[in-house]
Amino acid sequence: MTAGSAGSAGFAEVRDELRAVARDLLGKAGPQAGIDWRLLAGAGWLGLEVPAALGGADATFAEVAVIVQEMGRAAARCPYLGGIVLGVGTLILLEPGPGRDRLLRQAAAGDAVPAAALTDGEQDLLSAGGIPFRLERSAGGLWLHGRAAFTPDAADASRLLLLAAGPDGTPVIADLDPQAAGLSVIAQPVLDETRRFGLVTADGVAVPAASVRRFAGDPAAAVRRLLDRAAVAVAVDSLGLSEAMLDATVAYARVREQFGRPIGSFQAVKHACADMLVQVSVARELVAAAVHQLAAGHPGDPEATVAASMAKSYTCAAAVAVTGKAMQLHGGMGYTWESGIHAYLKRATLNRSLYGSPAAHRRQLAARYR
Amino acid sequence: MSASAEDLEEFRAHVRRWCRAHVPKGWRRAQTGVPEEEYVAFQRAWFAELRRAGFAVPHWPAEWGGGMSAAEQVVLYQELAAHDAPRLVLAFVAIHHAAATLLAAGTGEQRRRHLPAILDGEIWVQGFSEPGAGSDLASLATTARRDGDGYVVNGQKLWASGAAHADWCLLLARTDPAAPKRRGISYFLLDMRTPGIDVRPVRQATGEWHFCEVFLTDVVIPAGQLVGPENGGWAVAQATLAAERGMTMLELAERLGHAGFGWLVQACSRPGPGGRRPLDDGLVADRLAGLETEISGLRALCRRLAEDHDAGVAGPADASVVKLYYSELLQRLTDFGAEVAGLAGHTQLQKPASSGWESGAWVLDFLGSWEWTIPGGTSEIQRTIIGERGLGLPREPAAPR
Chain A
1 MTAGSAGSAG
11 FAEVRDELRA
21 VARDLLGKAG
31 PQAGIDWRLL
41 AGAGWLGLEV
51 PAALGGADAT
61 FAEVAVIVQE
71 MGRAAARCPY
81 LGGIVLGVGT
91 LILLEPGPGR
101 DRLLRQAAAG
111 DAVPAAALTD
121 GEQDLLSAGG
131 IPFRLERSAG
141 GLWLHGRAAF
151 TPDAADASRL
161 LLLAAGPDGT
171 PVIADLDPQA
181 AGLSVIAQPV
191 LDETRRFGLV
201 TADGVAVPAA
211 SVRRFAGDPA
221 AAVRRLLDRA
231 AVAVAVDSLG
241 LSEAMLDATV
251 AYARVREQFG
261 RPIGSFQAVK
271 HACADMLVQV
281 SVARELVAAA
291 VHQLAAGHPG
301 DPEATVAASM
311 AKSYTCAAAV
321 AVTGKAMQLH
331 GGMGYTWESG
341 IHAYLKRATL
351 NRSLYGSPAA
361 HRRQLAARYR
Chain B
371 MSASAEDLEE
381 FRAHVRRWCR
391 AHVPKGWRRA
401 QTGVPEEEYV
411 AFQRAWFAEL
421 RRAGFAVPHW
431 PAEWGGGMSA
441 AEQVVLYQEL
451 AAHDAPRLVL
461 AFVAIHHAAA
471 TLLAAGTGEQ
481 RRRHLPAILD
491 GEIWVQGFSE
501 PGAGSDLASL
511 ATTARRDGDG
521 YVVNGQKLWA
531 SGAAHADWCL
541 LLARTDPAAP
551 KRRGISYFLL
561 DMRTPGIDVR
571 PVRQATGEWH
581 FCEVFLTDVV
591 IPAGQLVGPE
601 NGGWAVAQAT
611 LAAERGMTML
621 ELAERLGHAG
631 FGWLVQACSR
641 PGPGGRRPLD
651 DGLVADRLAG
661 LETEISGLRA
671 LCRRLAEDHD
681 AGVAGPADAS
691 VVKLYYSELL
701 QRLTDFGAEV
711 AGLAGHTQLQ
721 KPASSGWESG
731 AWVLDFLGSW
741 EWTIPGGTSE
751 IQRTIIGERG
761 LGLPREPAAP
771 R
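Chains as they are written, first to last, in our numbering: chain A, 1 to 370; chain B, 371 to 771.
All the given hints hold, so there is nothing to weed out.
Reference excerpt, derived from the structure (chain A facing chain B, CB under 8 Å, subset only):
1. 265
2. 271
3. 285
4. 359
5. 370
Quick list of simulated restraints, FRET-style, between CB atoms:
6. 52/A <-> 393/B: 48 to 54 Å
7. 261/A <-> 551/B: 18 to 24 Å
8. 335/A <-> 762/B: 21 to 27 Å
Pulled a few chain B residues facing chain A out of the computed Cβ check, cut under 10 Å:
9. 635
10. 654
11. 666
Because the hints were derived from the structure by calculation, they are not lab data.
Heads up, the beta-carbon is just placed ideally off N, CA and C, and yes, glycines get one too.
Chain A with its partners taken away, still in its complex shape (with noise of 0.2 Å):
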């Protein structure tokens, strides 16, 4: 497979039955459950990217998309974010080597989760000197300092991925140990129950040569790629869980009865459930525009990152006011815990701020009209 042919209709099908197997395996999990990495393992789905000679199927982000949709849809709690996405999204995007490779196959397997710490948190991602470690060329080596917030997953990995400056200012990985001496990863406790982010700090730690990944093609290009890639997933993310929110909300309203008949046959609750399709349904397009992109591009093609701003600032915002308007259609039963309601405003509010800000996201657009 190449990567060019991620559009192709024989590529939708395989794409249609992934989404089937995920939605029932996803399912039969429960809403907000805990899913058992095993199982993700022995369903290919943590090596989709991973070339076929180390042990994956050779896809695309277009198909890992397919899981993290799906994954949104039943706000599902597992490292697929942190340890699929972004880890074996980062890996994929280095050199081949033997340690590289390594870790490659252990990820797909389930032997290894590797998380990419890519950012720090709320500093805006899209300013320059946005990296958030660097590497000191020393008396006898290489030592890495920084610092990363809301790295998702990082308390769950057995290895972390930093994106740091190496000595001469050019973008690497700094691939290692969780336990390495002089890192130190605390868990920064959420209101999304569903999702585990650390601070990953770097407070002079040896680093072997080694351990020092580069990137295989143009480094700015590959940071660049890999912060769209976060912005997207998490906006992949969103349309699953607003596409959750709306099918939940249609059925309730369907049945719920007041005055005497279905609540859905009054226009007020009608036109907004029209309106939530609406939304639904225009992030969908600008996320399937921004997913193909990354799929089917190059690194360091702006087109794609575009796509990317579009379809997270849209894509997040309109997630929050879905499940809000959910959250309210549902009446008293939406605002207890039991409903779930919460954990998917929850979740979708946190998209909203993770990887981009709507504004950050809008203001890069902005950008180009100058």
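Could you slot chain B onto chain A? The hints should help.
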């Protein structure tokens, strides 16, 4: 999609060359404030020009002179918009609604009679709404009584856009007053030269006179001009309305993306009083980026609808989603344009005839946007259709009568 990426780029180059040679220079200025006859002549000439190039009815089947894929249509509309070509306003109902009706439900003879004539410039008007039948279209009261080889029609139509210049009318009339309201309606092709038709223009919010009232007094329609079965007109009308709601948007969305948004960015880049550009304000830049994002979503939705429609897999409310989203996005965009244009925008008393819905005369464009949120099923009706047909929500209980 039939065309390869290379073929599409070749087609784009061809359209570009054609546009550079054929889009009339300076038409905006020339068409601002022109008398009605000049506007009509300009529209007819532009239609003929597009027809000679094979660009007038790209969405029609190949056997009738169209046959472009959705991807090719997108390219055509992008380039026409990017070269600021005039829009086809007068022919709009003919090439979209009349053609869709004839192709969906017309007889072979009706198609042979009218589709080539439309290419030769036959102008059509839609005779659906009435003073008492707007959103509740099925309550229409115009009657058509069977009389020998024809029908005798009496009643009044309203909001017939362009009726003053129309050769033919798509007419809905009640043929069975005793039947439940949707079941007693028939669909006719009415020759506007028939005796008994009185057309009176209605002035609209923008000050223009495009809409008309049409009074029908003992108008005789030959039975051969019935479309579909007698009393089966409601289903035929749905096909026509779906065309208006969905397929026409492909062109409008590309125009919004390739012309309208560009006009807006230009307006935001022009120094205002004190030399400051609106774009230097972060809030303005933010709203522009939000609108660009939404236009991208709309364009993708329209393209998806066109492809799904061609493949026969479009959902029952997909066209309503597109119509609702386009019309409300147009309203938000022109509203913002009016805000950015400021008081100077209010001094633009006329917009160029033959221009798009976002002509750059922002206050007039903003007013004109209600011409999309009201006709063809109001936004409220679209939301009801989306809720009921798209999402399967229960219908409102019928009011006791």
